[in-house]
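S.K.: One letter stands for each residue in the lines below.
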Amino acid sequence: MNAPYGSHWADRSFPEAAKELLADSQVRRNVRHATDVIQAKRNRVVGELPDWEALREAGSAIRAHALEHLDEYLVEFERNCTRAGGTVHWARNAAEANRIILELIQLHEAKEVIKIKTMTSEEIGLNRNLEANGIRPHETDLAELIVQLGHDKPSHFVVPALHKNRQQVREIFQREMHLPELGDKPEDLCAAARTYLREKYLRIKVAVSGANFLVAENGAVCIVESEGNGRMCLTLPDVLISLVGIEKVIPRFRDLEVFLQTLPRSATGERMNPYNSIWTGVHETDGPKEFHVVLLDNGRSPILSDAESRQTLKCIRCAACLNVCPVYHQTGGHAYESVYPGPIGAILTPQLHSMDRGRTLPYASSLCGACYEVCPVKINIPEVLIHLRGKVVEQDQRTLGGKLGVWNIGMQAAGFVMGSAGRFTLAQHMGHLAQKLFVSKSGFIERLPFMLSGWTQTRDLKALPAQSFRDWWAHRELNGSTKNGAAREDRDGQ
Amino acid sequence: MASESDARTAILSSIRGALRVSAEREPNARETEYAAVSREYKQSSTKSTEELLELFTHRLAEYDSGVMRVAPAQIPDAIAELLRARGRASIAIPEGLPAEWLPAGFQFVQASALDAHQLDKLDGVLTGCTVAIAETGSVVLQNAPSQGPRKLSLVPDYHLCIVFALQIVETVPECFTRLDATSNLPTTFFSGPSATADIEMTRIKGVHGPRFLDVLIVAE
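Sequence order for the protein chains is F and Z. One gets my numbering by counting positions in the first sequence from 1 and adding 1285 to each. One gets my numbering by counting positions in the second sequence from 1 and adding 205 to each.
Next comes chain Z alone, as it looks inside the complex:
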């Protein structure tokens, strides 16, 4: 498309003209200036693991998400208990989810290859996560083993997410430090069930994403 490359040239030259960029721009100026950006904000945690877990639990509850805390050996029992309480039987699971987590008596479906219509017919989805942020009550999923493609945690109406204590950081900057190495993967942050406040600023839980969310925190 000739006209589009014209547009590209025109926009870039308009920007350079407006910025009065000279041809001999110092090549390292950009890096030096970027490095000089002041980042005096909080970048690391001051909390103990126990305090972190407490804060994370509190934040999740504020979003109206279910929270349960168990030791590693209790994972299957806890999953069974949560699914029964929510009345969910057919559950999508991503590749790489440890088989020993899965309790008997439910239908777990390898779902990475399912399309949206098929996912829509299931009762829920069970995933792990990459990292979680205590201060904001957020969980981060990436397209990685035990988390799967983005549609998995989106289409089913119920999401049960397993978060290990070691995956929880306190602040948003710590979360980005952990994500840096895999920043090219499709990434989703979720903070509570889907919600809106578009009508009279009243927060309503559950619009298009999962309307029901449970987080299972696993700690020794």
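Chain F on its own, in the form it takes in the complex:
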């Protein structure tokens, strides 16, 4: 059942990775700057639409409906794409998708391919698999090119090199494109990328892409982009292979009228991104002569069985939840050790891996709810985070180590104490006595002993007050009983 993770992401916990990244002040500055800029732009262009909430509502309903009938819509897409001259392939997992794509490339004896940014290909580790088989993939999205030439990992799925600033990009380009004189103005860097890639667009015969939407009604594929690198890859090569997650299908062409409003505004803070391409199959006089769609499951279909977390698959990958998240804002994307970082990554990654990977990710959130508020398809991320935390606990409780772990014992004990008013009052009195050893002059507990030390490692606790609220309330009831009692009777009498 587990999807092979064909990529270079370490299997370490979020706190472990975050600790390392928090020490990198350069990354933190870059991430903070970029997310602040996108957010401000997003808020402006979303704010000017009086029907924004209606668009969110419609987008959410369309995506939910498509998932409810996913099998039917996929079959309908397959039929219409095939009728239009495309070929549809199905891949259960990363290994199957890699094999299908490799065989198609080898069939055309290509030694190089050009690629449009696709997180799905990162998910299956496509580049590494191609390289291992003697095929050179060239990323063409500027940010993905920076990541590829810098031997780095993406940290955001709209702007994968968001953690790099212009000086760092210049260093990478100087070294990898052999341009020692290159300046660090964004214009210079773009011009360098244009020259470097144009030759490849005109020469390389096979392209690999992802897709933003598949339209069941007519077999159309839609790709949204900015630079024109997408259009180059979709239009000029002889063969185009699009690797797409099965959840990306929408019922009708007309549904794009919703997503082409919500996606650009949420993703890059633009009213419309510079380019959208929509096409069906193969056209004799326009574009590739051969078109393949590889539909990828890789752990998606089991997510549908859980009614509470099914909504995860409504995602249209705008990354607005990353930009708004106070946790992502501090750590950047690499702390999530996942192709999909941020709040959506925190719910998607563990589910794609049947809760075997990324088990700390549902905890990488303060549950503030900002992600839900900005989501253009209304995924209630905090709700799913809590649901998944429950699953992690259940999983732990099934093992002896988990059952006897500090966390489980602590929580069971807390549950026992809080389950009865008498026990809770007793615990408060005992806590009040016991804390005397630990309260500092400022009235805070800065360090707890032994098993409890983990709690105070990253926070100070306010000491318990001399009188608890429950004590105060009880006394208040005694002193003012006549008055309160009379008031209650009055109300009852009405």
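Since the hints were made in silico from the structure, they are not lab data. One thing to keep in mind: the hints can contain errors.
Said to hold, decoys possible - Heads up, simulated EDC-like pairs for lysine to aspartate or glutamate below, C-alpha to C-alpha not over 20 Å straight-line:
| no. | chain 1 | residue 1 | chain 2 | residue 2 |
| --- | --- | --- | --- | --- |
| 1 | F | K1574 | F | E1397 |
| 2 | F | K1490 | F | E1593 |
| 3 | Z | K252 | F | D1336 |
| 4 | F | K1490 | Z | D325 |
| 5 | F | K1438 | F | E1461 |
| 6 | F | K1326 | Z | D269 |
| 7 | Z | K410 | Z | E267 |
| 8 | Z | K410 | F | E1668 |
| 9 | F | K1663 | Z | E267 |
| 10 | F | K1663 | F | E1388 |
| 11 | F | K1438 | F | E1416 |
| 12 | F | K1485 | Z | D325 |
| 13 | Z | K247 | F | D1336 |
| 14 | Z | K247 | F | E1342 |
| 15 | F | K1485 | Z | D362 |
| 16 | F | K1574 | F | E1388 |
| 17 | Z | K410 | F | E1472 |
| 18 | F | K1470 | Z | D269 |
What the hints assert, rightly or not - Covered by chain Z, per the in silico footprint, the following chain F stretches (three or more residues, Cβ under 8 Å):
| no. | stretch |
| --- | --- |
| 19 | 1508-1517 |
| 20 | 1532-1540 |
| 21 | 1583-1595 |
| 22 | 1599-1610 |
| 23 | 1666-1680 |
| 24 | 1707-1715 |
Built from N, CA and C at the ideal position, the CB exists for glycine as well.
Once you've looked at the hints, dock chain Z against the given chain F.
M.R.: Relative to chain F, chain Z alone:
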């Protein structure tokens, strides 16, 4: 490929299992549910033609695209003026572009059959369009007469696009209503010249698509 058809069967049955789909699924349920999707968003325009043109012009300028507005009789003169200002001489044109639009003194090349290398050597491209959206400053091209195949408006470094007032709608949903009948044609939306914000979120005009764009709006 036997294993691929196995994969198809396995994925579809995994989805049906997860959704707990029973064999006797109500055949019309899907249509009824789809029709029930609430679409309370703005679907039609409230603006006069003049207001639409103004909004569209404003949006294009914000994208750093050139905009000029002329009456139908002035099309050739306006094209000549724009090409001279941009210093462009050899211009690709698609089939079906009206010959009476073309001014003298420039080299117009029937380009639908040219390959990308040949297109790359030309100074620019001149096309019409299918529909334009005022609210987002977008123009939609399809593989149709006077617009041509997608590579035409992609490879040359300069694009001059002619948009008639009647082709401009206010909202994205109105645009999709107009596209519905030809939704199978290769379709490209462009909103300003190609751009990126991948480096420090600074919008830089002109990466791989045309770096320079002029829109000629034709209105009575």
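S.K.: Decide, hint by hint, whether the structure agrees.
M.R.: Evaluated hints:
For a cut-off of 20 Å, the pair hint linking K1574/F to E1397/F stands: about 18 Å separates their Cα positions. Simply put, K1490/F and E1593/F have alpha-carbon atoms about 44 Å apart, too far for the 20 Å limit, and the pair is violated. Taken as a hint, the K252/Z and D1336/F pair is honoured in the structure, with Cα atoms around 16 Å apart against an allowance of 20 Å. Restraint check for K1490/F and D325/Z: the C-alpha separation of about 17 Å stays at or below 20 Å, so the hint holds.
Between K1438/F and E1461/F, the direct Cα distance comes to roughly 16 Å. Compliance with the 20 Å bound is thereby established for this hinted pair. Annotation: proposed proximity of K1326/F to D269/Z holds, straight-line Cα distance about 17 Å (limit 20 Å). Proximity of K410/Z to E267/Z is assessed by CA-CA distance (about 12 Å); at most 20 Å being required, the pair is judged to hold. Using a Cα cut-off of 20 Å, the hinted pair K410/Z and E1668/F is violated, with the two alpha carbons roughly 40 Å apart.
For the hint pairing K1663/F with E267/Z, the CA-to-CA distance comes to about 30 Å; that exceeds 20 Å, so the pair is violated. Restraint check for K1663/F and E1388/F: the C-alpha separation of about 39 Å exceeds 20 Å, so the hint is violated. A distance of roughly 16 Å separates the Cα atoms of K1438/F and E1416/F; the hinted pair therefore holds under the 20 Å criterion. Of the supplied pair hints, the one linking K1485/F and D325/Z holds, its CA atoms being roughly 13 Å apart against a limit of 20 Å.
Only pairs whose Cα atoms come within 20 Å are accepted, and K247/Z paired with D1336/F is accepted, the gap being roughly 6 Å. With a C-alpha separation of about 13 Å, the suggested pair K247/Z and E1342/F falls inside the 20 Å cut-off, and the hint holds. Distance hint between K1485/F and D362/Z is fulfilled; the C-alpha atoms sit about 17 Å from each other, no more than 20 Å. A distance of roughly 17 Å separates the Cα atoms of K1574/F and E1388/F; the hinted pair therefore holds under the 20 Å criterion.
A hinted pair counts as satisfied when its Cα atoms are at most 20 Å apart, and K410/Z with E1472/F qualifies at roughly 8 Å. For the suggested pair K1470/F and D269/Z, the alpha carbons sit about 19 Å apart, so the restraint of at most 20 Å is met. Evaluation of the coverage hint for the stretch 1508-1517 of chain F: fulfilled, as 6 residues show C-beta separations to chain Z shorter than 8 Å, against a requirement of three. Note: the stretch 1532-1540 of chain F has 4 residues with beta-carbon separation from chain Z under 8 Å; the three-residue rule is met and the coverage holds.
Under a criterion of three residues with beta carbons nearer than 8 Å to beta carbons of chain Z, the stated coverage of the stretch 1583-1595 of chain F is upheld, 5 such residues being counted. Three residues within the 8 Å Cβ limit are the bar, and the stretch 1599-1610 of chain F against chain Z gives 0, so the coverage statement is violated. For the stretch 1666-1680 of chain F, the stated coverage by chain Z is not satisfied: 0 residues place a CB nearer than 8 Å to a CB of that chain, which falls below the threshold of 3. Beta-carbon proximity to chain Z at under 8 Å applies to 0 residues in the stretch 1707-1715 of chain F; the threshold of 3 is not reached and the given coverage is violated.
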